[in-house]
Amino acid sequence: MSLHTIDIAIIGLYLFLTLFVGFYISQKASKDLQSYFLGGNNIKWYYLGLSNASGMFDISGIMWTVSILFVYGLKSAWIPWLWPVWNQVFVFVFLAAWMRRSNTMTGAQWITFRFGEGRGSTLSHIIIVIFAVISVIGFIAYFFEGIGKFTTTILPWDLSTDMFGFHLSSEHAYALILCGITTVYTIKGGMYSVVGTEVVQFVIMTISCVVIGFIAYNSVTPEQINAVIPAGWKDLFFGWHLNLDWSNTPVPNVNNKIGQDGFEMFGLLFMMMLFKGIFSSLAGPVPSYDMQRVLSTKTAAEASKMSASTILVLYMPRYLMVAAFAVLGLVYIGPELGKMGATIDFEKILPAAIQKFVPIGWKGLLLAGLLASFMGTFSAFVNAAPAYIVNDIYKKYINPDASQKKYIRLSYVASIVLVIIGVSAGFFTKSLNSLTLWLTSALYGGYAAANVLKWIWWRFNGYGYFWGMLGGLIASTTKLFLFPEIVDIYVFPIILLCSFIGCFLGTFLTAPEDEETVMNFYKQTRPWGFWGPIKRKVMEADPSFSPNKDFKRDVFNILVGIVWQMSQVVIPIYFILRENYHLAVWAVVFFVTTWLLKKYWYDKLDETENAKKEANVKLVDESVPVN
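All residue numbers for the sequence shown refer to my numbering, where the first residue is 1 and numbers rise by one.
Incorrect hints may have been included.
So the derived label-pair ranges between C-beta atoms look like this [to be verified]:
1) Pro359 / Glu223: 18 to 26 Å
2) Phe275 / Ser169: 33 to 41 Å
3) Pro359 / Phe237: 33 to 41 Å
4) Ile421 / Gln355: 27 to 35 Å
Derived from the structure by calculation, the hints contain no laboratory data. Backbone N, C-alpha and C define an ideal beta-carbon position, used for all residues, glycine too.
Please take these sequences and the hints and turn them into a complete structure.
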C-alpha cells in the first residue's frame, strides 16, 4: 500500500503516544503485585469497561468477522456464538458479582478460595494455571498471525530478510516489531499502562469506525450490493441448510470457502453453538484479561456494571466498521477475488478495502485505530498471563516471602517468555479461521464442565475439577493433532463428555472438601444451584443469612441480554445496507431490552449488595489487598 507522508506521521504519532502514556503512568504499577496486575482495585469501572472493550476489539477478530459477513451475509451474526459472544451476558447478569466477591487476584487463586488447601485443590490450582498459559500462548499466536497479514497489505515497506539460514517474511517481520513494541509498554506499566493505553486506543478505534462507516455509506448503493450477493444473503434467520449459492455472482469461489468451513448444515451448527454456549457461558470467563478486569473492580456491583458497559460500547462501532468493509469488499473487490480461484484469502478483504477507498489523512487515522485494536488485545493477554506464573506458581509454591520488587521483575521475565513462545507458535499458524475454531470450540470445550460444576454443586471437589479439566485438555489436544479435518464445534459434545466423566469420577472416588471451606465459599459468594446441605448448615450457623433466590430473574435477564446484544450487532449492518425497515424494528428491540435490563438488572445491583450487608453476611473487605 502506498502511504502518504501525512498517514505515516499519524501512525508514528499514535505509536509514540501509546508508549508515552504507557510509560508515564507505569510508576503506579511498581508498588506490589496487586497494583501491577489489578491496578490496586482503584481503577474506575467505566475505564475498565472501555479497556475490556478495547481488548475485544482485536484486528484478527475484525478481519475474521469481515470475512464471514462477506461470505455468509446476515447469518454471520450468529457465527460468533461459537465463542459464544453472549458469555458476556452471563458475566454481567450474575457471574461478575460472584467472581468479584472472592477478592482474589487470578482464576487460579480463586481455586484455593473454592476448594481449600488440600491435595485436590493443589492439583486443580496447577491445572488451571496450565490451561491459562496454553490459552494465552494460543491467542498470542492468533494475534501474531492476524497482525502480520494486515500490516503487509497496509504498510509499503518490504522487511523480508534472510538470517541464520532462516527466511523471515515481511509479514512476520512486521508482526515481530508490533508485538515487541506492545510487550515493552505492557511489561513496564502492568494494568495501569494497559488500561490507560487501551482507553486512548478505544477512542481512536471508535473514530475510525465512524470514518469507515461514513465512507462505505456514501460509496455503495443498495442496488450495487444486491447485484453482487446471492439470494438469502440478507436473511438473518435460517433453516436446516445454509442455502447460499454464490455460483452466479462475481465470486463463485466463495462456495469453496463454505465447504471448507463445514457450515452448510447451518441448523445443526446453530444447535451445537447453543448447546456449547450455555455450558461455556455458565462456566464463566476463562482465566485471561476478561476475568482480570472483573477482579480489578472495586466492588461486586461495579464488576457487573463494567461487564455490561463492555457490550454497550463495543458492538455498534465494531460492527459498523465490519459492515462497511464487507460491503466495500463485495462491490469493489469481489471481481478481483473471483479471479483468484481456490487460492482466495478472505482475511485480506479488510486491508484491501482500506488501500482502495480511504483518503489521505483518514487512512493514517484508520490504520492507527486498527493497530490500536491489535495492541490493546495483545497487551491485555500479555498482562494477564504472568500473574498465573508469578502469583500462582512462584509465590505460592516456591518463594512466598520474596520482595514485591522481585515478584514484579519475575513478571517481566514471564511476560517475555510467554510472548516468545506464542510468537514462535504463530510462525506455524496457517489460518485465522482454523485457529479461531480450535480455540473457541475444542480448547474451551475442555474448560466448560468443571467450571460449571464449581459454581452450582456443593459436592464437587478439587479432584473432580482437576480430572475434569485434564480430561478436557487431553481430548481437545487429541482432536487438534489427530483429527484436524473435523470441524471443531461438532466434536464439542465428545470433549465435554470426557470432561464430565473426569469430573464425576474424580469427585465420587474421593472425599468431599472441608465443610468449613465450602460453607465459607457459599456464604461469601452466594451462588444459586445445588447447595442444599451446605445452605442448611450456613443458615443454622447464621439465621440472618439470606440465600440467593434470583435464579428466575437471572435467567430472564440473560434471555433479554442476549437479544439486547444481538440488536447491537445487526443494527449497524442494516444501517450500512440501508435496510430501513429491519433497522427500525431492531432499534425498537434495542430500546425495549435496554429498559427491561435497567428495571430488572441494573436497579437491583445495589439493592442486592445492600441486602447482603444488612443481613450481616460476613464478606471479605474488598478494600484490603490480597497478599
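Results for each hint:
Checked against the given bound of 18 to 26 Å, the beta carbons of Pro359 and Glu223, roughly 24 Å apart, stay inside it. A hinted range of 33 to 41 Å for the beta carbons of Phe275 and Ser169 is consistent with their spacing of about 40 Å. Distance hint for Pro359 and Phe237: a CB-CB separation of about 38 Å, consistent with the stated range 33 to 41 Å. Between Ile421 and Gln355, the C-beta spacing of about 33 Å keeps the proposed range 27 to 35 Å intact.
In this structure, none of the earlier numbered hints is contradicted; all agree with it.
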